[in-house]
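Student: Using the hints, position chain B against chain A.
Line by line, the protein sequences give chains A and B.
Quick note: to get my numbering, add 55 to the position in the first sequence (first position is 1).
Quick note: to get my numbering, add 2 to the position in the second sequence (first position is 1).
It should be emphasised that the hints constitute simulated quantities derived from the structure, not laboratory data.
Watch out, some of these pointers could steer you wrong.
Said to hold, decoys possible - Chain B stretches covered by chain A per the calculated footprint, using a threshold of three residues with CB under 8 Å from any CB of chain A:
1) 90-99
2) 136-144
3) 151-162
4) 166-173
To be verified - With a Cα cut of at most 27 Å, we get these calculated DSS-like pairs of lysine-lysine:
5) A/K126 with A/K563
6) B/K160 with A/K499
7) B/K145 with A/K438
8) B/K64 with B/K146
Note that the coordinates shown come from a computational prediction; the quantities given were computed from them, not determined experimentally.
Here a beta-carbon is modelled for each residue, glycine too, at the ideal position from N, C-alpha and C.
Residue-level listing of the chains:
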Amino acid sequence: MKIKIISVWAFAIFVIGLLPLLVAAQIQNYTPVTDQRLLNPEPENWLMTRGNYSGWGYSPLDKINTNNVKKLVPVWTLSTGVIEGHESPPIVNNGVMFVSTPQNQVIALDAKTGDVLWIYRRQLPEDLFQLHPTNRGVALYEDKVYMATVDTHVVALDAKTGKVVWDKAIEDYHSGYYFTIAPLIVKGKVMVGTSGGELAIRGYITALDAKTGDILWKTYTIPGPGEPGSETWTGEAWKNGGGSVWIQGTYDPELNLAYFGVGNAAPWAGDFHPGDNLYTTSVVAIEPETGKIKTHFQYHWNDSWDWDEITPPLLIDVEREGKTIKALVHPGRNGYLWLLERGKDKISFVTAKPFVKQDVFKSIDPKTGRPEYVAERKPGRGKLIAFCPSLWGGKDWQAEAYNPKTKLLYIPANDNHCGSLKSKEKEELKPGQLYLGVEVKDIKTFPAEGAKTIADLQAWDLSKMEKVWSYKYEGHTFGPLLTTGGGLVFQGGTNDRYLRAFDAKTGKELWKFRTNSGIMAPPVSYMVDGVQYIAVQSGWGVDAERMQGALIDAGYKGKYYSKDIPILQGGVIWVFALSE
Amino acid sequence: MNNKCETCAGHDQLLERRTLLKAALGMVVGLQALDFVAAQEIDPKTAPPKEDDQFVFIFGEKKGEIITPEDLPLNAPQVLAYPMDPKTRIVKDGSRFNRILLIHLDPAELSEETRTHSADGILAYSAICTHQACDVAGWEDVKKIFICPCHESLYDPKDGAKVISGPAPRKLAALPLKVVDGVLMAAGGFLGSVGPKRSL
Chain A
56 MKIKIISVWA
66 FAIFVIGLLP
76 LLVAAQIQNY
86 TPVTDQRLLN
96 PEPENWLMTR
106 GNYSGWGYSP
116 LDKINTNNVK
126 KLVPVWTLST
136 GVIEGHESPP
146 IVNNGVMFVS
156 TPQNQVIALD
166 AKTGDVLWIY
176 RRQLPEDLFQ
186 LHPTNRGVAL
196 YEDKVYMATV
206 DTHVVALDAK
216 TGKVVWDKAI
226 EDYHSGYYFT
236 IAPLIVKGKV
246 MVGTSGGELA
256 IRGYITALDA
266 KTGDILWKTY
276 TIPGPGEPGS
286 ETWTGEAWKN
296 GGGSVWIQGT
306 YDPELNLAYF
316 GVGNAAPWAG
326 DFHPGDNLYT
336 TSVVAIEPET
346 GKIKTHFQYH
356 WNDSWDWDEI
366 TPPLLIDVER
376 EGKTIKALVH
386 PGRNGYLWLL
396 ERGKDKISFV
406 TAKPFVKQDV
416 FKSIDPKTGR
426 PEYVAERKPG
436 RGKLIAFCPS
446 LWGGKDWQAE
456 AYNPKTKLLY
466 IPANDNHCGS
476 LKSKEKEELK
486 PGQLYLGVEV
496 KDIKTFPAEG
506 AKTIADLQAW
516 DLSKMEKVWS
526 YKYEGHTFGP
536 LLTTGGGLVF
546 QGGTNDRYLR
556 AFDAKTGKEL
566 WKFRTNSGIM
576 APPVSYMVDG
586 VQYIAVQSGW
596 GVDAERMQGA
606 LIDAGYKGKY
616 YSKDIPILQG
626 GVIWVFALSE
Chain B
3 MNNKCETCAG
13 HDQLLERRTL
23 LKAALGMVVG
33 LQALDFVAAQ
43 EIDPKTAPPK
53 EDDQFVFIFG
63 EKKGEIITPE
73 DLPLNAPQVL
83 AYPMDPKTRI
93 VKDGSRFNRI
103 LLIHLDPAEL
113 SEETRTHSAD
123 GILAYSAICT
133 HQACDVAGWE
143 DVKKIFICPC
153 HESLYDPKDG
163 AKVISGPAPR
173 KLAALPLKVV
183 DGVLMAAGGF
193 LGSVGPKRSL
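With the rest of the complex left out, here is chain B:
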């Protein structure tokens, strides 16, 4: 058996890897003119939410319907939604990372920064837990906190969805909202990164 590690450990291997890396990058630059480059396409169904996007229900009797402020009673559990481009009417359901939590809380209970992102107490956050990417679908109605049902990370929607406890390493990304002529829509894109940062 040859026990020599040529892949993963040791200074010599690192040097060898760097040399190969340089060669690879040089090859890339050289091939640009030959149009031998990878193309990455952004599908509008996977594009992240942006300003003026509206929202549709993911589940339930109103699945696929546009969500209005009246669909979000004060202090009711969060609703899972996908953003929708208002011009093309394309629902951005091509990626789970576009899942959004909508909830309506008393503006007086919100932190100052959180209130600035809300539309009269209606708040939007990424639904993707920053621990293992589960949907943060649980709700505790006494303390008014989100619960990730997979590993019980708790987030406080009243204070920027900061982590209260559990394995999640950071808060949920916020999505600023506005209401224009009675229509609920995004006031911008996600504030912060969505989902976990895996260690591999």
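Chain A extracted, bound-state conformation:
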């Protein structure tokens, strides 16, 4: 039986909804983003989320530098009109800026003046629930802008108008899958990975044709029966074993391999899924043309701590013991800094060292890199287990950065964090529901005993694997990094709402500016008409806010930790330049 209601207003609303497209602006002289430009981005542009395929988060621009950064002032701002965690960097191509926000809005702006050129607003389904209401960036290719959406679509927009060129549904959003990732585009293949590791999914990476949106390949991060790696799973656990891919990968054009970090196994406690559980908590090296996993390295086996190793490794040439290593560098959520060597068919372990308090690894095999665990620190069914770092790890998704001038790696660390999990005896599989193996009320995060600070910005000399300097924060941080040719490191991420600039060589704080909300997006740098700019979104939410709540619940007494005075939400794009 169906009841039919004729609605004039439905049609009126439909027509009104078309109006933005009817009057959309046309950007003249847009510069297409070619493969060659992605391989060698111009210093004045910021063409992908981390600035280059190596994932450095580095701008060669040096007009803003250690001598003049004190003169940095805001030159324009824009309210995004949405709340929740703004985790996306502005992407800039020859004077045109593209910014994505939560709820999958994309705003195109004049990067110099802040004039809005067009806005794409996605009408998300009413019944969509968002565990991570965020987006981590758009990707550019040729004359289009690409975004993966929380309702599991990938859309291609005309860069000049914002008009939808194609819109491809990848999954049913009721199934637990969703996208927060910024696409990685290599040779016309738009690669995206799925979120949903807490919602009983089996994660995968898929590639779409940049021109048509056709799906070219789909590679699960958890092998099916009979596939290589399937021997690391027991029973049916692989079907809902997690393995999210949250963050845009890096790409080595010489080896023609894209590197993606893979998230936790599910449910969290390891004895829900006996075995090593490839390729969870690993890096996988993928051939862009075929999607084949050519090689991998697992940072830790049988994950039991929700330590997603989701950021991809940075591609860095490291001088070590008289030779140059083509390295993969990964400050892990498990609290270790990993130095690996990449090859066509193999990723070799070189060394690893803890960069935060870590009490779970007893040792690491010097040849294979396989850790041995302290048994009483490994969560299991029906157990209450405490461990350090907490489930958010020594460093969560927030991006590290590498500066080729200082040859230092910068890590946005949460040090002295510990946590506990009280796992259930069993977990019922409910489609589209949380599949953690633990009640939320039994997830705890707290500072290590005696800790005076719980976060720091660290600089590491990779040739010696030594920490060179550290700037300590009183509170926690969720701030991705930018480093520049001007000898600077920029970071937000703290609940005091500041964007800060540091001397990249010494760690001395040189400048700070208080924004509207907490910053959890990557700062970027670009240049238009000879003027260098620093841009960042400020908008607190998601895990930065959750960690804030967890620390308050644990009785943490920092200055900005009060249930009565939350960090207020609401996104703003900030753009800074030197004052005249």
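Tutor: Only chain B this time, still in chain A's reference frame:
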């Protein structure tokens, strides 16, 4: 590059938009006679709960079975349910927004208004968190409060499911209940709106 914004900002653009809006509405009115209007169909599986609807389990061993008062022990965690039309036997599971929390608490612990919506201490609320639409599936059995597992908004079922803490902006919509001849059913529709009001 043409930096002129013709879409989103500026008084001139607003005027232009208003003009187009008027034109569009005029076109709509003119087309009514031609039967060129959009039709919206209400599927009985997505229709919201109404008076006399019964409830069925969404999950667990009794999935799909009708929920009786005996299925709801005092102070046990909430049960997730879909409403069911008692005449057609159609389960209204076509929309997540029809998900309902059922819980049985001591009537003496309930606020006066909450007690009026309950059936001998059995309460029903929308299961959809007003923050980001997650199912409010968590339960804290000491303070007897609902926990949204996604972002830890806490709701007090004893007092109209008001927000105690967390990012949720408002309470869960209540669904009044009654028990007739031992059958648990709705005494009306949702009191309040269901789910979040998104900013886009």
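Student: If a hint holds in the structure, say so; if it does not, say that too.
Tutor: A quick look at each hint next to the structure:
1. 90-99: Answer holds; 4 residues pass the 8 Å Cβ test.
2. 136-144: holds (count 5)
3. 151-162: holds (count 4)
4. 166-173: Answer holds; 3 residues pass the 8 Å Cβ test.
5. A/K126 with A/K563: 16 Å, holds
6. B/K160 with A/K499: 26 Å, holds
7. B/K145 with A/K438: Holds, because 23 Å separates the two Cα atoms, which is no more than 27 Å.
8. B/K64 with B/K146: 24 Å, holds
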